[in-house]
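Novice: Letter by letter, the chains look like this.
2 protein chains.
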Amino acid sequence: MKKSAAMTQKRVVIIGGGFAGLNAAKSLASLPIEITLIDRNNYHLFQPLLYQVATAGLSSVDIARPIRHILKKHRNIEVLMADVERIDPAGKKIHMKEDDLDFDYLILAPGSHYNYFKHPEWAKDAPSLKTIPDALKIRRKVLTAFERAEMEENPDLRQACLNFVVVGGGPTGVELAGSIAELAHHTLSEDFRRINPASARILLVEAGPRILGPFDEFLADKARVRLQSMGVEVLEKKMVEDVSSRGVRIDGEFIPSDTVLWCAGVLASPLLTSLGVELDRGGRVPVNPDLSVKDHRDIFVLGDAAQFLQDGQALPGLAPVAIQQGRHLGKIIASRLKGEAEAPPFRYFDKGSMATVGKGFAVAKVRKWETAGFRGWLLWVFVHIMYLVGFQNRAMVLFQWAWQYFSFDRGARVITQDLPPDS
Amino acid sequence: MKKSAAMTQKRVVIIGGGFAGLNAAKSLASLPIEITLIDRNNYHLFQPLLYQVATAGLSSVDIARPIRHILKKHRNIEVLMADVERIDPAGKKIHMKEDDLDFDYLILAPGSHYNYFKHPEWAKDAPSLKTIPDALKIRRKVLTAFERAEMEENPDLRQACLNFVVVGGGPTGVELAGSIAELAHHTLSEDFRRINPASARILLVEAGPRILGPFDEFLADKARVRLQSMGVEVLEKKMVEDVSSRGVRIDGEFIPSDTVLWCAGVLASPLLTSLGVELDRGGRVPVNPDLSVKDHRDIFVLGDAAQFLQDGQALPGLAPVAIQQGRHLGKIIASRLKGEAEAPPFRYFDKGSMATVGKGFAVAKVRKWETAGFRGWLLWVFVHIMYLVGFQNRAMVLFQWAWQYFSFDRGARVITQDLPPDS
Numbered sequence: 001m002k003k004s005a006a007m008t009q010k011r012v013v014i015i016g017g018g019f020a021g022l023n024a025a026k027s028l029a030s031l032p033i034e035i036t037l038i039d040r041n042n043y044h045l046f047q048p049l050l051y052q053v054a055t056a057g058l059s060s061v062d063i064a065r066p067i068r069h070i071l072k073k074h075r076n077i078e079v080l081m082a083d084v085e086r087i088d089p090a091g092k093k094i095h096m097k098e099d100d101l102d103f104d105y106l107i108l109a110p111g112s113h114y115n116y117f118k119h120p121e122w123a124k125d126a127p128s129l130k131t132i133p134d135a136l137k138i139r140r141k142v143l144t145a146f147e148r149a150e151m152e153e154n155p156d157l158r159q160a161c162l163n164f165v166v167v168g169g170g171p172t173g174v175e176l177a178g179s180i181a182e183l184a185h186h187t188l189s190e191d192f193r194r195i196n197p198a199s200a201r202i203l204l205v206e207a208g209p210r211i212l213g214p215f216d217e218f219l220a221d222k223a224r225v226r227l228q229s230m231g232v233e234v235l236e237k238k239m240v241e242d243v244s245s246r247g248v249r250i251d252g253e254f255i256p257s258d259t260v261l262w263c264a265g266v267l268a269s270p271l272l273t274s275l276g277v278e279l280d281r282g283g284r285v286p287v288n289p290d291l292s293v294k295d296h297r298d299i300f301v302l303g304d305a306a307q308f309l310q311d312g313q314a315l316p317g318l319a320p321v322a323i324q325q326g327r328h329l330g331k332i333i334a335s336r337l338k339g340e341a342e343a344p345p346f347r348y349f350d351k352g353s354m355a356t357v358g359k360g361f362a363v364a365k366v367r368k369w370e371t372a373g374f375r376g377w378l379l380w381v382f383v384h385i386m387y388l389v390g391f392q393n394r395a396m397v398l399f400q401w402a403w404q405y406f407s408f409d410r411g412a413r414v415i416t417q418d419l420p421p422d423s
Numbered sequence: 001m002k003k004s005a006a007m008t009q010k011r012v013v014i015i016g017g018g019f020a021g022l023n024a025a026k027s028l029a030s031l032p033i034e035i036t037l038i039d040r041n042n043y044h045l046f047q048p049l050l051y052q053v054a055t056a057g058l059s060s061v062d063i064a065r066p067i068r069h070i071l072k073k074h075r076n077i078e079v080l081m082a083d084v085e086r087i088d089p090a091g092k093k094i095h096m097k098e099d100d101l102d103f104d105y106l107i108l109a110p111g112s113h114y115n116y117f118k119h120p121e122w123a124k125d126a127p128s129l130k131t132i133p134d135a136l137k138i139r140r141k142v143l144t145a146f147e148r149a150e151m152e153e154n155p156d157l158r159q160a161c162l163n164f165v166v167v168g169g170g171p172t173g174v175e176l177a178g179s180i181a182e183l184a185h186h187t188l189s190e191d192f193r194r195i196n197p198a199s200a201r202i203l204l205v206e207a208g209p210r211i212l213g214p215f216d217e218f219l220a221d222k223a224r225v226r227l228q229s230m231g232v233e234v235l236e237k238k239m240v241e242d243v244s245s246r247g248v249r250i251d252g253e254f255i256p257s258d259t260v261l262w263c264a265g266v267l268a269s270p271l272l273t274s275l276g277v278e279l280d281r282g283g284r285v286p287v288n289p290d291l292s293v294k295d296h297r298d299i300f301v302l303g304d305a306a307q308f309l310q311d312g313q314a315l316p317g318l319a320p321v322a323i324q325q326g327r328h329l330g331k332i333i334a335s336r337l338k339g340e341a342e343a344p345p346f347r348y349f350d351k352g353s354m355a356t357v358g359k360g361f362a363v364a365k366v367r368k369w370e371t372a373g374f375r376g377w378l379l380w381v382f383v384h385i386m387y388l389v390g391f392q393n394r395a396m397v398l399f400q401w402a403w404q405y406f407s408f409d410r411g412a413r414v415i416t417q418d419l420p421p422d423s
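These protein sequences, in sequence, are chains Z and V. Heads up, the first sequence is in the numbering used here, so the first residue is 1 and it goes up one at a time. Heads up, the second sequence is in the numbering used here, so the first residue is 1 and it goes up one at a time.
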């Protein structure tokens, strides 16, 4: 592999092809530098729609695009599919499994995963939703639960198959619970002979004072009422105390359930520990106003992996934050390369936030304007289609949404078996 | 689970939700009987397009539909997702893992899998293409080979990553080899920086005298010329003598390759051995003209699992044979239930056969009319869309084909990681 000794141009290494890394790569592409983007997957994933893959509304490839395909026009960007194991900030080098790579600038955007609050053993029974394999696993778990219920003669065990517990009342938890409720009450309603899928119980459990914590109370109230009307039981201020293969214990009460899904708490990538700087409680790297790491002017951290303080508050782990940071970093590095005055510090511009609650209903806040209902949902559809990468993906997703809107049918209701471990 | 003691109506059990089983279920649905269809998957798979899933042209769910959804209007059909372990023909009972089920009529349509000619150990290094997990495994293998080549510095090892060997020159092997050639020469052409994907070698190996054995020589010649013009090396009368993780030995010559794909030889489901009748070399059950099994008038075998002799020749394992057998069986069972004169014996009506060789080119024979080229391909597209189940799937597949036709882009180029074995 090329070493920097042979380089005539500065080399920028980007770790992670999510919203932050991909936008950083694009914003740097016009500069006279060599860029290497490394991701452990060959695709960029549109995470905001991952819950629809998990609930059989979309196919996994609808929300994924090969990174090297997105960047193919930029001849100065190479894309490697590899695992980065360690960073050597002093030696300006990163170590992959098979090779290592020198850098002049390093951009870290490795993302985050869910955090089981000191109970990593819960992960086995309560999968979380961050990757495509996660989504396919949850889809299989949810659909198989109905199949098993159909085969089960013992009424208690049958109900356990039909109890779905979603832990975490943030946007992902709300969207997932709403989508499972639709599946049970509409999509599957005629498919079974022995069970009534509508007898499914869907619980959404939030430890905080209310669901959709970062949203205004008005919108959270609207979402709660909507969820309840769809058949979701919303439990707030309730702690999950135990998770096992048989169910969950919530505030002392055991709820038998074959399907516990985890959407609570986030921890940044463990790769960041090799930077040797102090991390915050979420494993994130505190960054300077120019997104660089303390004492490492040429190393930047973006997206979910960064703790960026704005007006005294850490920015949330949202796609728009990652996108804006990636884009802005291009300006900062360009000004340094050209020897011009440093670009202004990063500042997040909050365009708004939104969450869907089943089809045809979303809560949204745009600046000071708040809406809950069909209008919010149209806005949500528009924004998500706009940000989805690739014309083909947009057309496919729009078609499937239109189809589902009128038919309640979901095409991706296919239970894929595990691949054998040696595959 | 219901036992036949409680039944007032005859119970028909169908094993397998492929073309044969699904069409049998539909053709029986209007009779006053109880029907149970059992499949180990929850979906019906449109196998003729599986090679496009393997080569990233289609998404797996585009060619799969939940069986219970297809049959939901027929209230006398129940669908179980279960593994049948054994048949008890004398006791008229089938045994599943968790339960067993009595039957009055049994319809066996469990399909087939590929056969490694007494070398089951080759399966690990040369996956075959029968199921969705197979297709996803092949997709991952093919796409990862290019990614590894991009990372590899040793030129010999790099070429091994770029050597693709398809064993078996039947329609599936031809379609797969053509599709990989297009991937290398067109779809991926701009995506890499260190390798040229067009330096891939694609070998199609056939042990028989020529590829497309069941087709006329004229069409096989046309297909061979087309494959060669696409960059596929067609090796005929060549035996594969060994397969390992490093490559294949063909007629004494070792060809290093990371990607060996197996499309040769077929063996019927091992479930059939529990019938206690003599099977043919392909593990198939010889059936009577009414599709029933010798000495078991109420047990029928259809599709790939049956050896049906017509004019002295066994019918091939093709979708149209399975579909026609499934449909015809409905008539036979109806005549018996009504006590009418037995329906005529089954006779296969051969409408023709076809195989694509890359996009825009297919060889086809319809009655006495033969064609090779774009016209054949249009016919191929029409027939495959027509037989695909479900409007949504049809629209999605058509859209993707149109997209690929004009852009060479394939949307499903996403390498999904293995799921952990405990998932």
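Check the hints yourself; a few may be wrong.
What the hints assert, rightly or not - Within a straight-line C-alpha distance of at most 25 Å, the following computed DMTMM-like cross-link-like pairs (lysine to aspartate or glutamate) qualify: (1) V:K10 x Z:E85; (2) V:K97 x Z:E153; (3) V:K73 x Z:E190; (4) Z:K118 x Z:D295; (5) V:K10 x V:E98; (6) Z:K97 x V:D99; (7) Z:K141 x V:E85; (8) Z:K141 x V:E153; (9) Z:K72 x V:E98; (10) V:K137 x V:D242; (11) V:K10 x Z:E153; (12) Z:K141 x V:E78; (13) Z:K93 x V:D99; (14) Z:K72 x Z:E121; (15) Z:K118 x Z:E85; (16) Z:K92 x V:E153.
I should point out that these hints are in silico values taken from the structure, not numbers from a laboratory.
Novice: Would you mind marking each hint as holding or not holding in the structure?
Specialist: Results of checking the hints against the structure:
no.	hint	in the structure
1	V:K10 x Z:E85	violated, 63 Å
2	V:K97 x Z:E153	holds, 14 Å
3	V:K73 x Z:E190	holds, 8 Å
4	Z:K118 x Z:D295	violated, 31 Å
5	V:K10 x V:E98	holds, 23 Å
6	Z:K97 x V:D99	violated, 48 Å
7	Z:K141 x V:E85	holds, 23 Å
8	Z:K141 x V:E153	violated, 42 Å
9	Z:K72 x V:E98	violated, 52 Å
10	V:K137 x V:D242	holds, 21 Å
11	V:K10 x Z:E153	holds, 22 Å
12	Z:K141 x V:E78	holds, 21 Å
13	Z:K93 x V:D99	violated, 59 Å
14	Z:K72 x Z:E121	violated, 41 Å
15	Z:K118 x Z:E85	holds, 23 Å
16	Z:K92 x V:E153	holds, 22 Å
Of the hints listed earlier, those the structure fails to meet are numbers 1, 4, 6, 8, 9, 13 and 14, in rising order.
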